[in-house]
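S.K.: Listed in order, the protein sequences are those of chains A and B.
Going by our numbering, the first sequence opens with residue 1, and the numbers climb by one from there.
Going by our numbering, the second sequence opens with residue 1001, and the numbers climb by one from there.
Wrong hints could be hidden among the right ones.
Claimed, not checked - Cut-off 30 Å, straight-line C-alpha distance, at most; resulting in silico cross-link-like pairs (DSSO-like, lysine-lysine):
| id | chain 1 | residue 1 | chain 2 | residue 2 |
| --- | --- | --- | --- | --- |
| 1 | A | LYS57 | B | LYS1394 |
| 2 | A | LYS263 | B | LYS1394 |
| 3 | B | LYS1057 | A | LYS86 |
| 4 | B | LYS1327 | A | LYS367 |
| 5 | A | LYS5 | B | LYS1005 |
| 6 | A | LYS5 | B | LYS1394 |
| 7 | A | LYS86 | B | LYS1235 |
| 8 | A | LYS394 | B | LYS1410 |
| 9 | B | LYS1410 | A | LYS146 |
| 10 | B | LYS1394 | A | LYS347 |
| 11 | B | LYS1235 | A | LYS57 |
| 12 | A | LYS263 | B | LYS1367 |
| 13 | B | LYS1347 | A | LYS347 |
| 14 | B | LYS1005 | B | LYS1367 |
| 15 | B | LYS1086 | A | LYS57 |
| 16 | B | LYS1410 | A | LYS57 |
| 17 | A | LYS410 | B | LYS1367 |
| 18 | B | LYS1394 | A | LYS169 |
| 19 | B | LYS1394 | A | LYS394 |
| 20 | B | LYS1347 | A | LYS394 |
| 21 | A | LYS347 | B | LYS1327 |
| 22 | B | LYS1086 | A | LYS327 |
| 23 | A | LYS394 | B | LYS1263 |
I should point out that these hints are in silico values taken from the structure, not numbers from a laboratory.
Because the structure is a prediction, the values reported are computed rather than measured.
Number of protein chains: 2
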Amino acid sequence: MAPMKIEIIAIGDELTSGRILNTTSSFAARHLFDAGYDIYAMNTIGDSPRLIGEALKRALSRVDAVLVTGGLGTTDDDLTNEAVSKALNRPTMPNLEILSNIRAHLDEITANPVSDLEKLAWLPSGAEALNPQSQMAGYQLIHDDKPIFFLPGVPRQMRHLMIEEVLPKLSNWHEDHRLTTYHRIFRIFNLPETEVNRQIASLDLSTDVHIGYYPVFPEVHLSLTVRDKKNNNAKRLFKSSCKAINTVLGDSIYGIDRDSMEKIVGNLLRSYNLRLAVAESCTGGLICSRMTDSPGSSDYLLGGVVSYSNALKTEYLGVSTELLDNKGAVSREVAEAMAVGVRERTKADIGLAVTGIAGPSGGSDAKPVGTVYIAIATDEENWVSKFNFPGNRKQVRELTAQSGLDLIRKYLLRRESHFLSPAQTCKEVF
Amino acid sequence: MAPMKIEIIAIGDELTSGRILNTTSSFAARHLFDAGYDIYAMNTIGDSPRLIGEALKRALSRVDAVLVTGGLGTTDDDLTNEAVSKALNRPTMPNLEILSNIRAHLDEITANPVSDLEKLAWLPSGAEALNPQSQMAGYQLIHDDKPIFFLPGVPRQMRHLMIEEVLPKLSNWHEDHRLTTYHRIFRIFNLPETEVNRQIASLDLSTDVHIGYYPVFPEVHLSLTVRDKKNNNAKRLFKSSCKAINTVLGDSIYGIDRDSMEKIVGNLLRSYNLRLAVAESCTGGLICSRMTDSPGSSDYLLGGVVSYSNALKTEYLGVSTELLDNKGAVSREVAEAMAVGVRERTKADIGLAVTGIAGPSGGSDAKPVGTVYIAIATDEENWVSKFNFPGNRKQVRELTAQSGLDLIRKYLLRRESHFLSPAQTCKEVF
C-alpha cells in the first residue's frame, strides 16, 4: 500500500516577498518524511484569501492530508480562517474554550483591546483546537474525510504543535499508510563532497538503499534511507549499510542526525572529565558561544577570552609585546602563546586558541585573508595547525570555529585507547 | 496595469524530505519582489517527472513568467529536462555550444565519464542557454509567449544566474508590467507585536499603504510597502508613512531593512569614537561573536571575557570571592563588578556585563530560569537592569544578548544631544 501523501501550504506575504526564509515547511517535511509519509508538494502563497482557498481545495483533491501554516494571528493581515471558511463553506464560530481562556488572561495582557485577541477564538465550523489551554493558535479540521492541520507561522509555536499534536494525530489516522523508514544523516567535516561520493560509490550498496549528498556549509551531510513494509529486511540492510559507511569514512564522520560538533566535543570532554578554556581572536567568541549552547556546558567549559585587540592578548593571556611585535598577532608563535596562556591562567586541562585574518581587509601577500593558526595546549604537549581557508569573512570565521572544535575532537578520540568510535554511535537505534 | 505575476518552482527530494532548507526560492522571491513583480506562488516538489510537468503546466496557465530551480545536474536524480520535454512536447536536442564546451574541458574533469557530463548539453527544443561558456547549467525557454527560466539548485550558481541573467531578461520582457515599489522593514525590539499593531492602527494610514507584521524572534519586523505606477504619489505616500511610523514607535525601532542590532551599535560606537569590552556569563560569547560579525569591528570592540566559571570572574574581572559567595554569581552586585572589571582591565570606554540563569537547570524560587542582570559601566556612571526572560535556554541567551546590545544603543543615543534619531535613518532613500 502506498504511503499517505501530505501537502504543506505556508501562508504569508513575508514569505512570497522573500523577507523571511520559510523554515517551518522544511521542519514539517523532515518530521513527516521521517515518520514515513510522502510529501507530495510544498506551497508558499501570500496573504490572499482567494489563493489560500485555491491551494487548499487543490491539495484536498490530490493528497490524503494537508498541513497549513501561517495567518492565524490577531493582526489585520491574518486571513487564513476567513479564507478557509469561504473555500470550504464552513462559517466561523467562536470556540468557547479559547474565548474564556482569552478572557481569563486579559489581566496579563492589559494593553490589548478585547476585540483583537478574540479574533483568535473565531474558527471555521468543525474546527477542533489543538491546544486550547495554551495561548497558541492552531486547529484540526476534518473535511472530505481528510485531516487538515492549521498551525501558526511563528516557528517556535509551529514546531511545538507539530511534534506534540500533529504527528501523534496523523499516526492514529491511517496506520496502514505509513512505510517503515530507516533514515540516518552522517555529518562529515573536512572531506569534500566529491571525495565522500567516490568512497561511497566504491561500496556498491544495494539499490534499495537511497543515498543523498548535501553540502551544508561547512559540512557535508550524507543521507541514508531504507524504506520498506517488510521490517526485517529493511532493518538489516540499514544496519549493514551504516556499518559500511562508518568503516570507509572513519572519523571524518563526526556525528549523526541532529548531532552538532559542539555537542560531540562537549560529550567527549565530559566523559574524560577534562575542562576546556578558549582564547579567540578572529572568531570573536563564536567558539565559546557554540560550546555553551548546550545545557550543562559548565561541566567542561571554564570560559575564555576574546582577545580581539593586542592589548588583551597581553593583559589576559600573557602574550609578550615582543612576540606580538616580532611575529605578528597572526602567527604560529602567538597562537601557541595564547593557548598556553589561557590554559595556565584559567587552570584548564586544555587550552584552545585561534588567531587569523577573517577579512575582508587585513590580508597581505605573506598572510592573505583566510590565514588562520589554531593552537592546542595540553598537559602533554602543544601543537599548532595552519590553515588557508577560502570564502568571505563569515565563512572564514565558521571554518575556523568548526576546525578548532574538530581538532579538539580528534585529539580526544586519540587520547585514550578505549575511545568512542563513530561506528559505536550507530548502535543506539538497534 | 497589474504587475507581472511570477511563479517559482523548486525541485528536489532533498527539499521535500526537509533535509535541506530551501533558501534559493526565498532569494529569488526577494529579488523579484524588490524589482516590482508579484510572486503568485512558490512550489517545492520532489524529483518526479510527473509532478514537475504538472506544476509547470499549472504555472503557465495562471502566471506571466515561471522560474524553475533544481534537477539540471548530471546525476540520475536530475530529471527536470526530461519532465519539461514531455510536459511541453519539446524533444531534447544537444546544444552544440555547451557540448563543444564540455568536450574542451574534459581534460580538467577527468574523473567523470563523457556520457554523464554530456547530459548537461541535452536541452528541450527551443531552450537558450543562459551562460553557455560557464560550467553552470541554466536556460530560458519561451512557451505560449511566456518566459520560463531554469536554474541549477546549487545556491551559489542559482544566485549568480538570477542576478546576472534572469533579472535583466525579465526587465526587458514587459516593461509595463512592473510597478515602482517602495518598501521598508522597520526592525523593532522590546515592544510586543500586538502593541506595535495597536500603535500603527492608530495612525489611520492610507489603504494604498500595505503593512505587515512579522515576529522574528526576538524582534518584531514591520513591513511597509507602497506600489504604484504614478511614481510621485507613491513616493510621497511612502515618505509620509515612514515618518509617521518613526514618530509613533520612536526608538523601539532600532534599524531598517537589512540592519542588525550589532551593526547599529557598532556604527554608534564608531561615530562617538568609543570602545567597548564585554564580560559574558550566561551568553557564553554570543555578544562578542555578534559584535565581531561585521568587518572593521576592531575599531570599537576590544574583546572581552567569557567568565563561565566563578574562578574566571575573579581571575579576569577582579570580582571578589566574598561578593560571589555573599550575593551569588547571578546578582546585581556581581553584574556591576563584572562590567567595572572588564572596563578597567581592558581600558575600554564602556564595559558591558551579563550574568543570568539560561536554564534548563540552575533556577530557584528566588532566581528562576530567565533571571538575568545586565550591567553597563562608563566613565560617567554604572547601572544594572534586571530581567525575567521567558523561553528556553536558546531564547534566554538570545534575549540577553539582544537586550545587552539594545541597552548600549539606548545609552549612546542619549549620550549626546545631536544623536542619530531613528527618523533620520529614513532619509537616505529620498
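S.K.: Each hint needs a verdict: does it hold in this structure or not?
M.R.: Results for each hint:
no., hint, result
1, A:LYS57 x B:LYS1394, "violated, 38 Å"
2, A:LYS263 x B:LYS1394, "holds, 14 Å"
3, B:LYS1057 x A:LYS86, "holds, 27 Å"
4, B:LYS1327 x A:LYS367, "violated, 48 Å"
5, A:LYS5 x B:LYS1005, "holds, 29 Å"
6, A:LYS5 x B:LYS1394, "violated, 34 Å"
7, A:LYS86 x B:LYS1235, "violated, 36 Å"
8, A:LYS394 x B:LYS1410, "holds, 27 Å"
9, B:LYS1410 x A:LYS146, "violated, 52 Å"
10, B:LYS1394 x A:LYS347, "holds, 28 Å"
11, B:LYS1235 x A:LYS57, "violated, 39 Å"
12, A:LYS263 x B:LYS1367, "holds, 27 Å"
13, B:LYS1347 x A:LYS347, "holds, 25 Å"
14, B:LYS1005 x B:LYS1367, "violated, 55 Å"
15, B:LYS1086 x A:LYS57, "holds, 27 Å"
16, B:LYS1410 x A:LYS57, "violated, 50 Å"
17, A:LYS410 x B:LYS1367, "violated, 39 Å"
18, B:LYS1394 x A:LYS169, "holds, 28 Å"
19, B:LYS1394 x A:LYS394, "holds, 21 Å"
20, B:LYS1347 x A:LYS394, "holds, 28 Å"
21, A:LYS347 x B:LYS1327, "holds, 24 Å"
22, B:LYS1086 x A:LYS327, "violated, 65 Å"
23, A:LYS394 x B:LYS1263, "holds, 14 Å"
The earlier numbered hints that this structure contradicts are 1, 4, 6, 7, 9, 11, 14, 16, 17, 22.
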